[in-house]
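There are 2 protein chains.
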Amino acid sequence: MSNVLSVLKERVSANNFDFTKTISEADIKEIVSYATEAPSSFNIQHWRFVAVNDKAVQEKLKAAAYNQKKVADCSVTFVIFGDVNGVDKLALAYEPMLKAGAMDKATFDGMLGMANGMYKGNAQGCRDEAIRSGSLAAMNLMIAAQAKGFISAPMIGFDPAAVSKLLGAPANLVPVIMISVGHAAPGNWPRKPRFSTDKVLSFNSYKESF
Amino acid sequence: MSNVLSVLKERVSANNFDFTKTISEADIKEIVSYATEAPSSFNIQHWRFVAVNDKAVQEKLKAAAYNQKKVADCSVTFVIFGDVNGVDKLALAYEPMLKAGAMDKATFDGMLGMANGMYKGNAQGCRDEAIRSGSLAAMNLMIAAQAKGFISAPMIGFDPAAVSKLLGAPANLVPVIMISVGHAAPGNWPRKPRFSTDKVLSFNSYKESF
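Residue numbers (my numbering), protein chains in the order written: chain A, 1 to 210; chain B, 1 to 210.
Keep in mind the hints are simulated off the structure, nothing from the lab. Possibly wrong hints are sitting among the right ones.
Same chains, same label: a pair holds when it works inside one copy or across any pair of copies.
To be verified - Distance condition first, Cα-Cα at most 30 Å in a straight line; then the derived DSS-like pairs of lysine-lysine:
hint, residue 1, residue 2
1, K55, K89
2, K99, K199
3, K69, K9
4, K62, K199
Pulled out of the complex, with its shape left as it was, chain A reads as follows:
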């Protein structure tokens, strides 16, 4: 499994994409299928993906992202949204298990009751969860892209209202992150250094080490 770990180390946020190269729809769908293997609270799957690969739309998206060149240069820019009302789709998510007998009706009802109790009327919790689930999926997406030989660039430097308007996303969808994916062009920066593990990790109680 060592090459799994090397992929985690090799992934680096890129800036320079080869704008002449494309990624097939089949590859885009495959990358998203791996993103959705992420876990989510109760398996709600708050994530919704818009793959922007039409150059005219990429240019508009770039304008909504402070003119970051990579948004339009890359082969596809994914906008990942998180649904703050995601819990409303939970019954649909469990339906296949209920029908297959992998989940009984009492468990189904119990899980739905717990999830509704946790999220209904809890606006901050719903937003947190939309961002958390969308971000878990985002990391999987970048790893899958890297594993398939592409490079990626995650961004939060964009105007969320402008992005939602451009893509026609309803108000219950929070833009979580934007990720450009494509083929490398020369001149990308090497990985930025990280704080050492000892600085960010402690055992059994929190220790401030900065």
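The hints should help you fit chain B onto chain A, whose structure is shown.
Here is chain B on its own, set in the frame of chain A:
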């Protein structure tokens, strides 16, 4: 790279851990080192990790997590926090690049100015970012654990105030997620089904497909 992709598919949120087995401190540190390979806004690295592997502390953590058995049964439960004041450590994060000449002083000052402009006084943005960065790291952590032959269980079902108090985490640290990691015991559920890619993905504009 196909085994990278298979690890993403094989990871499943587990419930049953072998409570007789441990994970070495070296392995715990290695897993966290991969988690910190995740990207973060401006490379702020909002994540802070507490690895709880003392059984007495695990029992208290379990009590703060609605008595979920796995919290104490597993070899180690990671609590990932996100620092809402993370931007205050950005100069420290860039210092090695500045010293090595990989970043000049003008870029250093410019990046710090942009980051402060984006986050200072923006409480919602700071919280969002703490959760986003912590979640990106969390996904890497689960993948690294899986790649090393362990199983994992992400949880948000816990009392955040009780967890912070137990571990002595200051108020600027938001508990983002809790992840139990360990060795599999029998009886874990298979992967829960996901919505099909076509249901959660559209091209160039958002399409509601539920």
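Each hint, compared with the structure:
| no. | hint | in the structure |
| --- | --- | --- |
| 1 | K55 <-> K89 | neither (33 Å within a copy, 38 Å between copies) |
| 2 | K99 <-> K199 | between (49 Å within a copy, 19 Å between copies) |
| 3 | K69 <-> K9 | within (25 Å within a copy, 33 Å between copies) |
| 4 | K62 <-> K199 | between (36 Å within a copy, 26 Å between copies) |
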